[in-house]
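Asks: Single-letter residue listing:
Number of protein chains: 2
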Amino acid sequence: MSGFADATAVRRIDEGRYAVDIDPGYCIGEAPNGGYLMALLGRAAVDASPHAHPVSTATNFMRVAKAGAPAEIVVEPRKTGRTAASSLVSLVQDGKRIVDALITTGTLEEGVDADWVGEPPAVPLPPLDDCSGGRPPGVGKNGFADQVDMRFDRSTMGWLDGRPSGRPEVRAWFRLPDGHEPDAYVLALAVDALPPVSLNLGANGWAPTVELTWHMRAVPAPGWLAVHGFGRLLTGGWFDEEVEVWDSAGRLVAQSRQLARVPKAALKK
Amino acid sequence: MSGFADATAVRRIDEGRYAVDIDPGYCIGEAPNGGYLMALLGRAAVDASPHAHPVSTATNFMRVAKAGAPAEIVVEPRKTGRTAASSLVSLVQDGKRIVDALITTGTLEEGVDADWVGEPPAVPLPPLDDCSGGRPPGVGKNGFADQVDMRFDRSTMGWLDGRPSGRPEVRAWFRLPDGHEPDAYVLALAVDALPPVSLNLGANGWAPTVELTWHMRAVPAPGWLAVHGFGRLLTGGWFDEEVEVWDSAGRLVAQSRQLARVPKAALKK
Chain A
451 MSGFADATAV RRIDEGRYAV DIDPGYCIGE APNGGYLMAL LGRAAVDASP HAHPVSTATN
511 FMRVAKAGAP AEIVVEPRKT GRTAASSLVS LVQDGKRIVD ALITTGTLEE GVDADWVGEP
571 PAVPLPPLDD CSGGRPPGVG KNGFADQVDM RFDRSTMGWL DGRPSGRPEV RAWFRLPDGH
631 EPDAYVLALA VDALPPVSLN LGANGWAPTV ELTWHMRAVP APGWLAVHGF GRLLTGGWFD
691 EEVEVWDSAG RLVAQSRQLA RVPKAALKK
Chain P
451 MSGFADATAV RRIDEGRYAV DIDPGYCIGE APNGGYLMAL LGRAAVDASP HAHPVSTATN
511 FMRVAKAGAP AEIVVEPRKT GRTAASSLVS LVQDGKRIVD ALITTGTLEE GVDADWVGEP
571 PAVPLPPLDD CSGGRPPGVG KNGFADQVDM RFDRSTMGWL DGRPSGRPEV RAWFRLPDGH
631 EPDAYVLALA VDALPPVSLN LGANGWAPTV ELTWHMRAVP APGWLAVHGF GRLLTGGWFD
691 EEVEVWDSAG RLVAQSRQLA RVPKAALKK
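Chains as they are written, first to last, in the numbering used here: chain A, 451 to 719; chain P, 451 to 719.
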């Protein structure tokens, strides 16, 4: 295992063009994790920008990337301003656009107090020692589950034993086992790291993400991240999943929403 | 006033190219409303797609569009599948990309019952007769406020009288005065129609949207829409605004989040 920094490295080969190796270690089944791909896209976008952070990343997942194969990231700058810069960033493989993202970069100051912040999620995460670690069944060895250290709120993991909670919620503590402290790219990973919240509605099986937008709201402090996932609606084979990430200093550092598919056959009636 | 359907018409001039007139009637100040522009982009995306609805629209607002001037919408198809089709859709004016959107189209069935839906927003809208209509000060005549019929929950409009509530929330009933019933494009308008929730934090002035992603979750029923806006965090000059739109049949029909800027000087300490 090469560590998160190496696995998300991007090599500039020309103006707005970056070579990347898609690390097979971040796959769930055959598919590289979406958060891992967003980390790659974010690194390229920031490298091509005068700003330090990917504050907004809106991503369309169109095809499954091939892991262990070469790929390229193309950054097309749209507008570069003093406060923010926007670009279209695409992962290209075998001449096809696999993932498109509209990324806005900006520079967030560290340790800033919020002018206003809402209440933390209503249901807090239990203390770390009361949570469950380990690899969910169905997630193979030498894959995504080996790259992250997640400790799940057991009350949101009943689906593992065939007892889904009936509420589309999953909560977990999150950190990287290689000691890489939270940064923008770890947040990209964290917002798409939870098992689909639809599992707790009895919708078993793969839930491919169609679109995921996430916002980086603050520079995260070192330590564990608290990752809160929930959904609002499952209908017609589509469901949403919102994630809030809070850091060890109690700051809201990232927000996301994704729209994903559940095969209708997966729903137990 | 030509009505919403005419104001959002798109004329196909070639494969993936549409001519549009940006109606000055949808301006707030000099700037055309972002929801109005998303309605235009959505119409073009659906016209170029085999599917009926814009289920996911992730939008970067980069420049201010000129109203009353010609513009073009360019639709670049990315992937067309049986369930969904994705495209990059841009509003182009004077040779510059003004707005980019990643739009996924799909076809939602009418009158479907949700497999699972969360609770309606904790604070309901008061009955229509207890809400306030009319044009907020600072919103000129012959502009956006004339195109929509909005009835505001007065408890979220204290900022009008210099008494912001201290909570970033705005709620309103919403319909079009020309009798055009809710559809996908009315929803695009509704998710960006509220005054910025930051006004209730004492952050006066224009709050330009940097990014807005919205999801159409169901085909709306005729009648009034209930539009609930709230925010989670204002920090470093950035704030988020979430909107849920519920229809007259009690269905959650649209969800959005935007990331916007507040000039730091606007914040009263």
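Be aware that one or more of the hints could be misleading.
Which copy? The list can't say, so a pair holds if one copy fits it or any two copies do.
[What the hints assert, rightly or not] Computed cross-link-like contacts, SDA-like style, restricted to lysine to any residue with a CA-CA straight-line distance of at most 25 angstroms: (1) 516 <-> 538; (2) 546 <-> 459; (3) 546 <-> 527; (4) 529 <-> 581; (5) 516 <-> 558; (6) 546 <-> 497; (7) 529 <-> 628; (8) 546 <-> 528; (9) 516 <-> 617; (10) 516 <-> 528; (11) 529 <-> 579; (12) 529 <-> 466; (13) 529 <-> 481; (14) 516 <-> 673; (15) 529 <-> 471; (16) 529 <-> 480; (17) 516 <-> 466.
Everything labelled a hint here was simulated from the structure, so no lab data went into it. Values in this document were obtained by computation on a predicted structure and should not be read as measured data.
Asks: How do residue 516 and residue 617 come out at 25 angstroms by Cα distance, when the copy is not named: within, between, both, or neither?
Replies: neither (33 angstroms within a copy, 46 angstroms between copies)
Asks: Given a CA cutoff of 25 angstroms, do residue 546 and residue 459 count as a within-copy pair, a between-copy pair, both, or neither?
Replies: Within one copy only: 21 angstroms inside, 32 angstroms across.
Asks: Pop the pair residue 529 and residue 481 into one bin, within, between, both or neither, using alpha-carbon distances up to 25 angstroms.
Replies: Between copies, since 18 angstroms is at most 25 angstroms while 32 angstroms is not.
Asks: Is it within, between, both, or neither for residue 546 and residue 527, if the alpha carbons may be no more than 25 angstroms apart?
Replies: both (20 angstroms within a copy, 12 angstroms between copies)
Asks: Give the relationship of residue 516 and residue 528 under a CA distance limit of 25 angstroms: within one copy only, between copies only, both, or neither.
Replies: between (28 angstroms within a copy, 18 angstroms between copies)
Asks: For residue 516 vs residue 466, is the C-alpha pair at or below 25 angstroms within one copy, between two copies, both, or neither?
Replies: Result: close within a single copy only, 22 angstroms intra versus 29 angstroms inter.
Asks: For the identical chains here, do residue 546 and residue 497 meet the 25 angstroms Cα criterion within one copy, between copies, both, or neither?
Replies: This pair counts as both: shortest intra-copy Cα distance 23 angstroms, inter-copy 24 angstroms.
Asks: Reference check for the pair residue 529 and residue 628, CA-CA at most 25 angstroms: within, between, both, or neither?
Replies: Neither: 36 angstroms inside a chain and 37 angstroms across chains, both beyond 25 angstroms.
Asks: Is it within, between, both or neither when you check residue 529 against residue 480 at 25 angstroms Cα-Cα?
Replies: Between. Shortest inter-copy distance 20 angstroms satisfies the 25 angstroms Cα cut-off; intra-copy 36 angstroms does not.
Asks: 25 angstroms Cα cut-off: does residue 516 pair with residue 558 within a copy, between copies, both or neither?
Replies: Answer is neither; intra-copy 33 angstroms and inter-copy 31 angstroms both fail.
Asks: Is it within, between, both or neither when you check residue 529 against residue 579 at 25 angstroms Cα-Cα?
Replies: neither (47 angstroms within a copy, 45 angstroms between copies)
Asks: Under a CA distance limit of 25 angstroms, which applies to residue 529 and residue 581: within one copy, between copies, both, or neither?
Replies: neither (45 angstroms within a copy, 41 angstroms between copies)
In summary, the structure is inconsistent with hints 4, 5, 7, 9, 11, 14 from the numbered list given earlier, while agreeing with the others.
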